[in-house]
Structure formats: structure tokens, C-alpha cells
Amino acid sequence: MQHLNILVAQWVAPTIDYHGLAPELVVAGGLCLVLILDLFIDERKKWLLSVISSFTLLAAMIPVVTLALSDTSVRSMIGDRYVVDSFSLVMKGVFLLSGYVVVLLSSSHLEEGEYWRGEYWFLLLSSLLGMLMMTSSRDLVSIFVALELLSIPAYMLAAWRKRDPKSNEAGVKYFMLGVFASAVMLYGMSLLYGVTNSTLLVDIASQITATGGFSSVHALAVVFVIVGFAFKVSAVPFHTWAPDTYEGAPTPVTAFLSVASKAAGFVALVVLIYSAFPLVQSIWQPFIWVLSALTMTVGNVLALRQHNIVRMIAYSSISQGGFVLMPLAVAGMPGAGSSALRAVVLYMIIYAATNLGVFAVILAVSRKTRSGEVTSFGGLFSYAPTLGVLMTIFLASLAGIPPLGGWIAKFAAFQALLQSQSTWGYVLGVVGAVNSVIAFGYYGNVMREIWMRPVPDGDTTPIRTPGSLGLALGITTVATLTFGIFPGIALHFADLAEIAGAVIR
Amino acid sequence: MNMLRENNWVLSVGTFLPMLGVVVLMLMPKAQDRAIKLIALVTSIATLAVGVYTAVIFDYGQAGKMQFVAETNWISVIKSSYFIGLDGISLPLYLLSMVITLLVVIYSLDHVPSPGKPKAFFSLLLVLQTGMAGTFIAQDLILFFVFFELVLLPMFFMIGVWGGEQRQYASIKFFLYTMFGSALMLVAFLALFVKTGAESFSIPYLIEHGGSIAKNVQIWIFAGMFVGFAVKVPMFPFHTWLPDAHTQAPTQGSVILAAILLKLGTYGFVRIALPILPVAAREWAPYIGGLAVIGIIYGALGCLAQTDMKRLIAFSSVAHMGFVMLGISTLTSFGINAAIFGMVAHGLITGMLFFIAGSVKERYHTLEISKLGGMLTQVPRLGWIFGFCTMASLGLPGLAGFWGEFPAILSAYNPAAGLNVTVFRVYMVIAALGTVLAAGYLLWLYQRIAFGTPKNNSHTGDGHHEKLQDVNTYELLAWTPLLIGILVLGIMPNLLFSVIDPAVQATLVVFGG
Amino acid sequence: MLFAEQVLTPLSSGWFLENAWLIPVIPGIAFAMIILIGKRMPMKGSELGVISMLAALVLSVGAGYQWIQRVNSASEEQFVSPVIKSWTWWQSGGFEFGIGQHIDGLSVLVLLVVALISTLVQIYSLEYLRGDRRYTHFFAALTLFSGGMLTMVLADNMLLLLLGWEIMGLCSFLLIGHWWEEDVNSKAALKAFLTVRVGDVGLLVGIIMLYFTANDWTREHLGVSGFSIRGLSAWALSGEPNSTVIMIAAIALFIACIGKSGQFPLHTWLPDAMAGPTPVSSLLHSSTMVVAGVFLVARLYPVFFVGLDILGDGGNLIMIIGGITIVISAALAFVQDDIKRVLAYSTVSQLGYMMLGLGAGAWMPAVFHIFTHAFFKACLFLAAGSISHSASHHSFDMKRDMGGLRKVMPITFTTWIISTLALTGVFPFSGFFSKDEIIDNVGNNGYGLFMIIGLIGAFLTAAYMTRATYLTFFGAPRGASAGQSVNDVHDHAAHSPVAHGPHESGALITVPLIILATLALGSGFLNATPFGESWERMKLWVEPRSEVVVEGIAVASESVVVSKNYSPQSEEGHASSVCGSQTPETGVCYAPKLNHAPFKWPKAMISLMIVFLGMAISWVVSFRLYTKRDPKFVGLTQRVSVLRAGHKLLVNKYYLDDLYEKVIVRGIAYPIARTAYWFDQKVLDGIIHAVARSARLVSGWVYRNIDQRIVDGAVNNSASATKYVGGVVQPTQSGKVSQYGALLFSAAAVAALVLVIINT
Amino acid sequence: MFVNQFLFLAAILFCIGVYGVVARKNAVLVLMSIELILNSVNINLLTFSLRNGSTDGHTFALYIIAVAAAEVGVGLGLVLLVYRNKRSISVDDLSEMSG
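Chains as they are written, first to last, in the numbering used here: chain R, 1 to 505; chain X, 1001 to 1513; chain S, 2001 to 2760; chain Z, 3001 to 3099.
To be clear, the hints were calculated from the coordinates, so they are not data collected in a lab. Where is the CB? At the ideal position from N, CA and C, for every residue including glycine. Please note that the accuracy of each hint is not assured.
Dumping the calculated PhoX-like pairs for lysine-lysine here, alpha-carbon to alpha-carbon at most 20 angstroms [claimed, not checked]: (1) R:Lys166 <-> Z:Lys3025; (2) R:Lys46 <-> R:Lys162; (3) S:Lys2187 <-> X:Lys1455; (4) X:Lys1361 <-> X:Lys1467; (5) X:Lys1079 <-> X:Lys1215; (6) Z:Lys3086 <-> R:Lys166; (7) X:Lys1455 <-> X:Lys1361; (8) X:Lys1065 <-> X:Lys1037; (9) R:Lys46 <-> Z:Lys3025; (10) S:Lys2399 <-> S:Lys2628; (11) X:Lys1371 <-> S:Lys2187; (12) Z:Lys3025 <-> Z:Lys3086; (13) S:Lys2653 <-> S:Lys2187; (14) S:Lys2399 <-> S:Lys2648; (15) X:Lys1361 <-> X:Lys1371.
Taking CB as the label site, the calculated pair distances span [stated by the list, open to error]: (16) Z:Arg3051 <-> R:Ser371: 54 to 64 angstroms; (17) R:Ile16 <-> Z:Gly3073: 27 to 37 angstroms; (18) X:Glu1165 <-> S:Lys2648: 44 to 54 angstroms; (19) R:Val430 <-> X:Leu1468: 45 to 55 angstroms; (20) R:Ser215 <-> X:Asn1420: 58 to 68 angstroms.
Only chain R is shown next, with the shape it has when bound in the complex:
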């Protein structure tokens, strides 16, 4: 206690770099505004909230851009526990833009259902705030807080349709397993703290093998911590929640979960691997290798059996997660580190654009068909050619067919694997190659429905796409195509993304 008192007496308030925190502050301000306005706004004018939310997110992009342009390349706060580096800026950009697209997807969806709109926007923005924080957190505590900040609103969003038992189920499953996973992760963190005597990632990195070699506690700690985020990225066998939650949750929320929430998990995983665990790669590399191979394969083979489009996309996104994990499995090998990081960031950027596009089409189509079956896409091309073509583009991109975005993402992942010049890397590369073929089985199935099958109920009235959805479609299409044809643009950002203080190069 004495000791503690001294420490408290010595405490100096940390200096805050407000420019560095500006994106978070803008979002925080925006969500407060939404919360307060919700109390006063008339039910018929609730659409204003979606406008405010979207402008909040766009406004938050401004400081991200100014930070990127400013001379200070790395801003660290609170004793290096909160760092704004190029990696975090790129990822903040990804979160904010995909958040913006999710807002676009949600607005029409919410207007049509009798939902609790104000709270929806509030929760969405809170979760996004958690994600923004996650990108900058470099300390176990701040990572944990960011994780919970992004997760807890997400649990509620998943259960958003209160009267719908499916939605309830989705929320409860997500919550129960999410909390359980983070509890396990926390246990791992506590052990990690025990063996390194620090919660700061860079210190952990240097302390973790300071005693020379490592014990079983190290292994247990590292594995448990990784499990927490493997759950978040729905890596097999920690994926079980994902299909059920995705199917049950409102579709825009599913889009949000499958893109932003998953990306946040990867952000944490990447930061941990690059900043905290570079020297214990013999623990996490095999683990992630197995996770990656399992995730790709199981996600694919299960997706092949699905009849519900959202559930199929859920499994698809599980398997896509396996591809993102792929480069991380060799990230510790000499020479592969930087290309692995680049591959992960690139994959997340492109995957975000493409997958949001898929959900935009699903939303647009389900407005007419009111069905979640894959067969509801039958003959889409004949009555809604634009949507048909766009869905084809997105699915082909997910399947990794040039010249659409997905191919360069997969390409970069393979490149990182081969860059490692290790047998395990090659083997995983072949596993990935085979899986990318299997994946076409179900993507192709949807394409087949769209192009080659008759309209199931013969109803060929055209689909009216609301403006916001159209905008979302436009953004995602342009991104998917541009990243595919000029991959340099996406790669440029991915290449810029460097984690300050990362040991792996």
C-alpha cells in the first residue's frame, strides 16, 4: 500500500495529443449527439439520425487524412499505450468507411421496419469507436477495453429485432460465446502479465523471453490470448457462433459484424503478433497455421451445403478469414513479416469493400423476394440485370478472379506465404489454392441462380433500389473494380501500414 501511495503521489496527468485522438473524439461527439437528439426528435424525423451518423463518420475521416498528411509519423500517448501510427490510420480509414457503408445499408432497412432507430445509431457508432480505439491500442488493458467497447454494442445490435426469436437467439449466442471467449482471453492476459510483469505490448515483447526460453505458462498465455481474437475473427473451431448469429441478426448488422467486427479482431491479432509475440513465434505460428488451414477448409465445405444465402455468406466469410490468417501463419519467418502485414491489411481493405457489396445486393434483393434462400436469386439477371451483374462481380471478387479486387488480396496472401520460403508456407499455399477452387463451388452456385435459373415465382417486376443502398452499391462496386484493375491503390495503403515499434519486419 505504501508503495501504491508513492506511485499515486508521483502520478502526472498524461499529455493528450488531441490531433491524434481527433477521429475518436469526433465519433464520440457524434454518438453523444445522436443519443441526445434521439430523445427530442419526432418519430417521423428519425432519418435525421442516420444522416448525422453518416456525417459523423465522414467527418471523422477528416482528422484521419490530416493525421496521415502531418509530419509526425508516429504519435504515442499515455506512455506508448495508445499509438497513432500509419497502420492504425489505415485501419481507422477502413473502419470509418465501412461504417459509413453500413450506415447506408441500414438506413433504408430501418426505415421500413419499426425499429428503435436512435439507439441503433448510437450502438453502431459506439462499436465503431471501439474499433477505432482498437487500432491504436498497444497495451493489454486498452486492447481489452476497446474489445469490449466494440463487442457489447454488437451483442445488442445482433439481438436488435426484439420480437424476432431468431434475432434473440443470434444476440444471446453471440453474447454468451463472446463473453466466454473474452473471459478465456483475459485469463491468458493475466498469465501473460504474470510472466512479463507488464501490460505494455512492447515490454511484453522484450520480457517474454528475458528469462531465456519459455515455460508452459507462456504457451498457455499466448494461446488463450490468441483464442480470444480467433473467436472474433471466427476462425475454426471458434467459429460456431458466426453462422447462427449472421443468419439471425438483422442483415445490415450481419454486414457490420462480418466486415468491421472481424477486421477489428484481425487488427488486434496483428498488433499482438507484431508487437508482443514476435519472439515466441514457435508458439503462435503452428497454431495460426492450423487455424488458417482449418478455417479455409471447414468454412468452404460447410458453405457448400447451405441454402440460406446469408448463412452461406457467413461460412464464406469464415473461409475468407482463413485466407487472412494465411500470411500470419508465416509472419514470423525471416523476410516474410512485412509482406504478411501488407497482405493482411490489403485483404481486409478489399474484403470489406466486396463483402459489404454482397450484403448490399442481398438487402436490395430481399426487399423484393422477402426470402433468404439462395434460390430466391433465381433469374435475377433477367429482371434486375444491374443487381445481377453487381452480385456476380462481388462474388467473383470473393472467389478471387481477376481483374476484381479479391484476386490481388489472395495474391498478396500467397505472395507472403511463398516469401517465407518455408515448406509449411508452400503447403499452406497449396491448401489455399485448392480452397480457392472449392470456394467457387458455392459462389458459382449463386451465379448460376442469377444467370441460368428461372425466376422461382415467375414474378419479374423490377427491383427498386433506394438511394442510400444505391450509393452503397456504387461505392463498393467502384472499390472492388478499382482495387482489382489498379491494385496499386489498395496496395499502396496496405504497404504504408506499419506498426510502430513492431519487431517483425
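With chain R fixed as given, assemble chains X, S and Z onto it according to the hints.
Using the frame of chain R, we list chains X, S and Z on its own:
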């Protein structure tokens, strides 16, 4: 390798002009049938015009060098660039793709296959054109890969939407097969990139440095490429997608598939696999040659077992591409010359045969050989054109097919230094026997379809002979250039060989002359 | 041995020789024109064909005349170098392919034959096919055929020869199948093409082998490629070639000749090919195309000479095949009722003579036999055509529709008799001077057995021709010839002879017959050995002289050639030469040294006796059998078991067709093809499907075992799990939080455990 | 110091918590089991913090307590929601979606 960079805009324009057409088509309302066809026609004519202009300003004196080279940053992060160029190997194939597309468009003016949707159909056709042309000019592996894959989806839809009874099965099979190959190919490309010091994906660069890779590594990388290209060719154990795809595809799709798409694989061997990995190529050559001759015999036997005209023609492609691969596997400049000639010749001839099969189907509503007969009495012009193409296909000297086949066989007698001569001579004899089988199945086909008297049940159910229309104007327009090409190349093979040869010589420098 | 350096006189040349390449080009152009504008011409394109053939004939005659002048301008022991012109056709990969002409005595000879007979046959066809629905196509194909044959004859290299060879094959296919409405015809066409094509594999292989083994030598010594006929000839005699390689190459080439020239065992297509119109049989399948194989052997004689050891001890492949062919096909001719099939087997048999002659070193008689045979056999076919056209109403069945026609058709009868006498080799008809020479030379070169075979052949020939003549022209008219109407087989819309009954044919038919009969009678005197050397003009003009020629690369085809000549050591008026027997020390040889049998009347008398004996026996038998219906003879083949067996064998054509069609094609090729297809569908595709199925199985397995069992086992919750499984048809992801949680934790625990173990 | 004893206690609590999550059907009990795990984490953190003499562990534990409160709040809310719709708080009843 020194390169010529003048006029380097022509290639980009020639390749991407169809995409402009696609954009315009996209903006057209669906109902404007005539306008859509007109745009497609104009686009493909313009593309061919650019292609012809390219051929005119091509410096034939330096056909061995890359010409019209353009190189700009594309994906600098992974050291890939937009690097295109044209040499004597690419030029004929590049032009062929443009010609075939135009002819297919002309043919389609009158024959948009069921279920219609001309807008989508022509758009896909033009996208295909960009992909095909791009593959032949890409000088960067990544760019090559992108173009190589670009043709996949349009063809998938072409088969799947406009195809025959089992189109969906055929299209998925086609796609998965090719995708499997190209996934492994991509891994091989990456391995190549890493093993040459992760400096560049440029083909000339890799040719310069690829030879230094350790032998066993080369062999593995070559294996990856082999699968990728062999699926496309298709070589013997990887060919089973082809009969289905060909049979189910609409006429236009079959024509493009046979005339151009199959060549992407063989072109890949010549342009990428052989020069970059010469050591592995030597190791692999006997096996490639072996699979090639198996393909020749096997394809011919497959033909003999067919009862469907289109399927028979499809199987004949397996045999013919076997000759092409045999030429390539000799690793001699002569063999590769023969192979490239064979590609062009096969493109013209088999493309033509598929056109004919399409027209037969349209008139008789069946392709069952047993239900056809007496074509010469009912539609004599079609029958004679069919006969001409049959003769060309079975390798009659004086027509284009012969100059792909005979030199390939010839080259197998004396393969490149270091290859087992005895093995290749055995291949030669087997391949020569294959020519007999080729004559067998083609003439047998011709005899049963064109000769004899028309079958009563051939086209109408009620046994009443309706007057069948002979070759119409659109067909004539679309076919004449091909027929002339078959004849002219048959009589003057040097037109083509003189262009190819310097480029092949330049390519084979890595093999030590 | 005396080495005499002497400058030889310059050889003359001329416009016709220098521009002989025009000869095949003219029909080629005519073919294109017939195809393009033929139907609009007043005579439906036939005039184009005839005119082009006339032009080719004129050029050929000119070339022949100038060639004779060229030979005359040479001194006696000088090698008369061929007139060679070549241009590069295409080149690639270090290979150069030329196109060009090679004119020597052989070329000129065959050139004249082809041009002349083509012209006559086309004129004949004007009448014979009048009103045919594919009149234009017929002339187009006929003209193209002539172009192809002339190309082959004039080719200076093997590749061009191959081109001509294949064009002939194509035309043969088209012309045999001219009346393709009938299944028989199109099947015969297919059979002909395929059989010949089987042989063509040998041609391909042979050309390739020769090219690769000879190319270096020919480049170095003569500056020509290994395809060049001149180069190959010189190379073969240079002592350079490896004996095994050249033997295999020669055998390969000979296989092609077997196919093309209808030699045993690939002769079966030729009789079937009679399904084509008679002018086609006359032109392609007797006088010109089928001698292409013989021509090839004669053309590349040095290669065969060295490769197959001609003049060596014992027989060689060419002789054996030729000998077998003579006898078996002559025997087959006896059981034919179709007049054209008799002639077809006769053709096969005569081609056998030519092969026998070439194989036995009797080059000149064999080549001369090409010449004479062309005339009388073409004449016989045209006469048969004349009969069917004007008398028997398109039937060729001698027993059913002919007989007693000598009075009705005097011109046809006369020409037939002349040609028959020529064919059987009766003095002084042309066949005597060629066929008898072959037999004589075979014996002279020490092949006694083959000489006897030749004589047996002569006997058989005389016999079956007498039988055919008897059946056709003597006895009582039968069937159509007697005026009975038969179903019209072919669609001769405008022309219906039924109305008039049997009559003599018109001038367009008879004039060619007369011309050919005249030649059949007189052409033998061009090389009439019995009258002394001054009559042996053909030998002088055609036979290449086996001299050692020294020539620089640059002056390869120059007229002035410096020759190191060995001292002439007269033997039958010929210089002895090392060519063919040993390696020339300097210079090259283009032709091996061959012997010539001295003509002796007694020998000739013996063979004439044999011929007359054959005729007489056959006449008596035919008379008794067909006219008198003598019970001793009628049905003899049924009564005597040996004869019955022989007859059955002959009727079934030695079962060769059965062997090919039933055993090889149906028995082997179809099952293999079907097996291969089955393999394709079941095994290869099966693998693909199996992979797809197993992917689904794996996914099912993953469901059932990973998702289900592990969860079930980890959680002690089997009751609810069983209920759940029972309730859900498809075993799927359980959907239960507790099981998910268990999976989550157990996976983490297992991972941690494994990693702890491997890391500590 | 009795470090090991504290750590053992934490480990046992963790195991009980995990067992509870896996074996209990009642959603509230599951929530409580999770709380057990979180508390075992807290014990761990405090033990290590005391052993190492740094305050980071204390801080972390405080954060966990606060966040856990929020989690339980949300969790109970969700359970209530389910109860209203299904009249059951057994987590195994929530298996409408599967496969």
C-alpha cells in the same frame, strides 16, 4: 533483350477498345436490339482495324524482338508493372483473336442463341476479346495472369446461359477445372518470383534470371505451371472439361473456345514455362511429349466413340492440341514453330468446324450423327464447306492443318539436345499413326453426315421435308475469311513462319541456341 | 582403270524444260476457276478442264521434245543432269522447305502419260457423264487430280511430292464417292482413303528419317536440303548412310507405295474403288494415280537400291511383295463377274509386275511398263465404260448384262482386243516389250523363282482376260445387252439409252478409245529391245546414266559438268560404273549401275507360248462353261472340294477385307475406342466426380464427426443430443450455446496442450 | 508469499467457471459462471501485481470489474428479452438456427 518502343499506344488501344464498347453497351437500353448489335459490330471492326494497323507497322525485320513495348507502373508494391509488347509469336495469335471475335460478332448478328439477351451476350464477347488479346501481349506474369483469368467468367456465362441442355454442369466443370489449374499456376508464378530474388514479375527479367534457380525447385515450379497451362490446352488427363464445355456451349462460345482459349495454354508454355525454366523444361519434355501423343491417340479414339457431331469435333481438339504439344515438347525451334502454326491453323479450322456444327444444329435441330445424312443434297454449299474443313482438319497438305501437324511430327524425330531421341522417335511414329486415325474419324463423320440421302426424321417430326436454307449471308460473311485463311496459310505457310521464326529463335536462346 | 578428265559438252535446255513447273499450275488454276465460275460456263466448267489438260499436254510434249534434245546434246557417257529449279517455300527453325521442279527422263515420261490420259479421259467424260448432277464437281476434281499428280511427278523434293500425293488421295476420295448417295460408294471412298492413309504414315516417317539423316550430307556436298530428291539420290549412293537407318526409311517409304499402288496386303481398296465412275477408274485407278507408288520407288531408286539391297542375293521386300501381288490378284480376277473388277485386279497384278521389276533391278522395263500399261489399261477401262454406257445400261456385270457385243460395238471391240493383247503381252503389242522385258530381266539378274512367278502371272493374265473377253463380246447377248430393261442405277437424267438398246458409243468416247488403242499397239516400239539397240530409244532418253559426277555446289544444275569418267568397259553397250556397288571416291552418283538382259528370241518365244496356252485353255473352258454349259465344267467348283475351297478363298478375297474390317476395325479399334471413351467418362470423369463427391462427403463427415461427435463427447449431454439428432433430418451444426462453448474451450485447451508439449 | 496458492485458487475458479458455462443450461447460471472466470482472472492479476510490485495488475483488475458489470447488464437484458419471447431461459432452447 532489346525492345522497340515506338508506337506503343497501339497495343493498349487494341486491347482495351472492346472494353469501351462494353461500357457503351452497358449504357444502351435493353430493347435497342439493332443498336446493340451495331455497337458490337463497330467495336469489333474498330478493334480489328487497330490490330491490322499494328500488323502493318510491325517491323517484320525484327520480329524476334518485342515491339510496341509499353511499360508503366501498375502494382509497384509487388513489383509488377503494366508491361506489354508484341513479337512474332504473339502477333499471329493476337490478330487471330481479333479476327475470330469479329467473325463471331458477324455470325451472331443473325444467330443470337437462345435465350436472347443480346446486350449481355455481346458485352461478354467483347470482354472475352480484351482478355484474349491481353494475354497474348502481356509481358508481366501478373498482367498475364489477370488477362488469362479475365476470359474465365465471360466464358462461364456464355456456356452457362446460352448453352445446351446440360449447360450448367458444363459451365461449372469448365470453371472449376480452369480455376484449379490457374490457382496452382499462380502459386508457381509466385514461387518463381521469390526464387529469382523477388525483384520483378517481368517475363524478360525472369527469362534472364530463371535459369539460375536450382534444378529441383525449377521442376516443382514447372509442375505448377504445367497444370495451369495443361488444363487450358487441354492435355490428356486434364481434358475432360473440354467435350462437355464444347458440346454445351453455344456455337459462338465453342468457336472462341476452340480458336483462341485453348491457345492460351500452349502460348503460356511457349512464352513463359519454357524460356524461364529451361532446365525443368528439359526434364519435363519427355513427359509432356508422352502425354501429347497419348492425347493424339486418345482424342482420336474418343472421336471414334462419339455419336454427337459437336462432341466429336470437341474430342478432335484434344488430338490436334496433342500435335501442338508434341511440337513444343521437342524444345526445338522447329517444333515450336510448328506448334504455333498449329495453334493458328487449329484455331481457323476447328473454329470453322464449330461454326458448321452450329449451323447444322440450327437447320436439323439435332447433332446426332445417326440422324444426319445427305447434307450435300439438302444444303450443298454447307456440305462442301464442311468437306473442305474436314480435309483441312485431317491435315491435307496444301491446307493450313498440315503445316501444324507435319512439322510437329518431323521435329519429334530430332528433339533438342539432351532429350532421349529414341523416346521421341517412338512418339513420332505414334503421332504419324494418329494422322491416320484423324483421317478415319473425320472422313467417317463426313461420310455419314454429308453423303447418303437425307434421313426422314432428321429435322421435322412429321416426316415432311421442309426446304432447308443453305448458307446465308451472315454465315458466308463470317466464314469466308476463315476459309481463305485456311487456304492461304496452306499454300503459303511462310507468311506465318517468317513472322514466328525469329521470335521463336529469340525465345530459345536460353536453351543454348 | 583409266581416269580421263574430259570436259563434256554443254547440255541443251529450252523454254519448255525451264518452265515445266507451269504444267501442274495450269490445272490448279483451272480447278479454282471451275469451282468459282464453272457452273456459269456454257459447258458447266468441263471446257476449262479439257482446255487446261490440253495446255498441260502441249507443254508436256514440248518438255519431252526438249528433253530428248538435251539427251541428244550430251555425249554418250555423260550424266544428263535433270533440269532443276527451286524456290524457297518457307523456312522456320533452321529448316528450309523448297518448292521446285525436277525434270529428268522419268518425269517427262510420266508427265506425258498423265497429261495425255487425263486429256483423253476428260474428253471421254464429256459424253460419259453428260447430264450428271455434279458434272461440274466431277471435272473440278478430275482437274485437281491431274494438277496433284503432275505436281508429284515434277516435285524436286519429298515435301512437294507428298503434297501432290495427298491431293491425289483426296481426289480419289472425292471421285470414288462421286455418287455418294449410295452408301456403297461413299464407303468405298472412305476405305480407299483410309487404306492409302495407313500407308502414308510410312511416307511421313520415311521422309522425316531421310531428311534428318541426309540433311547434313546434302547440305555439305550439294547445297540442297535433305528433302531434295536429287540430294537423297546422291546421298544414298555415297556410301555415307547407315545401312539400318536407310533400310528402315526405305521400308517406311515402301509401305506408302504398297498402300498407294494397291500392293498386297493393302490392295483391297482398289477393286472397291471401282464404285467410282468409269473415267475415274480409268484415269486414277489404273493408269496414273495407282502408279504413284511405283513412281516413288523409281524416283528414289537409289534409296531403295541401297536400303533394300536390290540386286543383292535372294529376294528383297519389293520383289516379294510384287511377286505375291501378281499371282494373288491375277487369281482373284477369275472369280469376278464385274468387268471393272476384273480390270482392277488386273491392274493390281500389273502393278505387281512393275514392283517386281523395280525390286529386281529392272528399272527401265518397269518404268517402261508404267508407260505402256497406262495406255492399254486406260483403254480397257474406257472400253468397259463404253459398254456400260451404250450397251449394258450402266451395268458392269459380265455374266448378267453382257455377251455378244462384238457385233454391236465394233470400235469398242477392236480397241478392247488390241488392249487385251497388249496386256497379255503378245508380240508386237506394247505389253510384250515391257512385261516380257521385266520377266526377262528378273531372270537375268538371278532371281529364277520370281521369273517363274512372272511367267505364271503372264499365263493367268492371258487366261482371265480371255475369259473376260469371251464373256463380254462373244456368246449370246444377255440382260441389258439383250435389250432387257434394268433399274436405272444412276441419275442420268437427260440421257437414257434404254430407248435405243445396245449401240456403239459416240465419237467423244470412241476417239479416245482409238487413240489409246493405237498407243497400246505402237508405244512398245519406243523401246523395242528385240530389234537392237537403236530401237531402245526409251532407255537412252529415260534411264539416268550411272556416272560419277563431280560438281561443285555452285554449279549444281549447270549444264557444264566436269566428270571424272572411268574408262568405258563395254558390256551390252554400257559403261561399267562403281555407282551402287561401291562408294565413289570423288563426286557423286545419281543412279546405281544396273544390268540389262540381252534379248533372246527363244526366251521370248517361251513366254509367248505360255500366253497363248493361257488364252487357249481359257477360251475352251469359257466356251464350254458359259456357252455350252458343259456339265463337266459347270458347278465344278462346287463339286471338287479342293476347287471349292480355292474358289471360296478367292470369292472372299483371301479374307483380307474380313481381317481388316471385322478383326482389326471392328474387333480392335472399336472396342479400344469405346474403352477409351469409357475410361474417359467413367475413370477420369469419375475421379473428378469422386473428388466432388468426396468433398461433399468430407463436408458431411465434418458435420457428423467434428461438429457432432466432438461436441457430444466433450459435453456429457448425450440425451438432448440424441433428441436433437432425431429431430433434425440433416445432421447440422447443433445451434446450442453450451456445445459451442465446449468446442471453443476444448479447442483452446487442446491447442494449448499441444503447443506446450512441443515447445517445452 | 503464498503466490502459488492464489494462483491455484484462480485456476480452480477458472475451471469451475468453464464447467459452468459448458454444463449449465440456465442462462443466468451461465452468466454467473462467466463472472467466476472473470474473478479468477482478477485474482491472478492481483497476485501477479503484488508479486511483481507493479500497479498495472490492479488497474487491469479495476477495468475488468467495470466492464464485467456492463457485460452482465447487457447479458441480463438479453436473457430478459429471450424470456419474454420464449418463456424460458434455457440456453439450449435457443437452437432454432443450426447447420
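Status of the hints after comparison with the structure:
no.	hint	verdict
1	R:Lys166 <-> Z:Lys3025	holds, 18 angstroms
2	R:Lys46 <-> R:Lys162	holds, 19 angstroms
3	S:Lys2187 <-> X:Lys1455	holds, 17 angstroms
4	X:Lys1361 <-> X:Lys1467	holds, 15 angstroms
5	X:Lys1079 <-> X:Lys1215	violated, 25 angstroms
6	Z:Lys3086 <-> R:Lys166	holds, 11 angstroms
7	X:Lys1455 <-> X:Lys1361	holds, 15 angstroms
8	X:Lys1065 <-> X:Lys1037	violated, 38 angstroms
9	R:Lys46 <-> Z:Lys3025	violated, 40 angstroms
10	S:Lys2399 <-> S:Lys2628	holds, 14 angstroms
11	X:Lys1371 <-> S:Lys2187	holds, 18 angstroms
12	Z:Lys3025 <-> Z:Lys3086	holds, 15 angstroms
13	S:Lys2653 <-> S:Lys2187	holds, 18 angstroms
14	S:Lys2399 <-> S:Lys2648	holds, 19 angstroms
15	X:Lys1361 <-> X:Lys1371	holds, 11 angstroms
16	Z:Arg3051 <-> R:Ser371: 54 to 64 angstroms	holds, 59 angstroms
17	R:Ile16 <-> Z:Gly3073: 27 to 37 angstroms	holds, 29 angstroms
18	X:Glu1165 <-> S:Lys2648: 44 to 54 angstroms	holds, 51 angstroms
19	R:Val430 <-> X:Leu1468: 45 to 55 angstroms	holds, 54 angstroms
20	R:Ser215 <-> X:Asn1420: 58 to 68 angstroms	holds, 59 angstroms
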